[in-house]
Amino acid sequence: DTGVSQDPRHKITKRGQNVTFRCDPISEHNRLYWYRQTLGQGPEFLTYFQNEAQLEKSRLLSDRFSAERPKGSFSTLEIQRTEQGDSAMYLCASSNTGQGGNTIYFGEGSWLTVV
Amino acid sequence: DQQVKQNSPSLSVQEGRISILNCDYTNSMFDYFLWYKKYPAEGPTFLISISSIKDKNEDGRFTVFLNKSAKHLSLHIVPSQPGDSAVYFCAASSPEPSGGSNYKLTFGKGTLLTVNP
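First to last, the sequence lines map onto chains H and C.
299 is the number of the first residue of the first sequence in our numbering; add one for each residue after it.
2 is the number of the first residue of the second sequence in our numbering; add one for each residue after it.
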């Protein structure tokens, strides 16, 4: 399978703990995105990278959140000192600016539950 | 301020009939529109897209119509099948500062489609 891969798929953590999610994009894609989805809402943009450069961050991304894409391939999203409001599905997506239309493809998501 | 609106939380149709899912947007800068399908506990799956320079795009059973003057788009599924039962998200993007398109999608809240056998 050469789609967007996310790990772990599910994570339950205690409030105050740190969690890290990993995303492996489609191999030839130079752009990588993080979105968050809560129940009853559509996905909300968090941040995106072009190669290793983080080009934009949403206001939703508080200073407890940090994302990296050190070699322009996989990316990690770390949440420090988790809060119950962080419970959501974290979606990674990728695209290739070289293609016409630049379709964005999503992974299966990482569910976070903060208890 | 919700820039992409899907006003119908749910839609139920009979197998074989047409499903029409609607989406309205407010940001006139949006120039690319996409529909995604999502099953529970999975990520969104891309279905079909349309550029603002077109008013129709067709792919198999799926057709998307865009009415720019009304800031409205719709997804038609013909014929509907039980496997089409899922949440459908409308998404839109505006040109990025460097001049490219289709980055940073803004999503609606989704419409749950149920196709009854």
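It is possible that some hints are incorrect.
[Stated by the list, open to error] Here are a few chain H residues that face chain C, going by a calculated C-beta distance under 10 Å: (1) 318; (2) 340; (3) 343; (4) 346; (5) 361; (6) 363; (7) 364; (8) 402.
Hints listed in this document are in silico derivations from the structure and should not be mistaken for laboratory results.
Glycine residues also receive a C-beta, built at the ideal position from the N, C-alpha and C atoms.
For this session: Just pull the numbers of the violated hints for me, sorted ascending.
Result: 1, 5, 6 and 7
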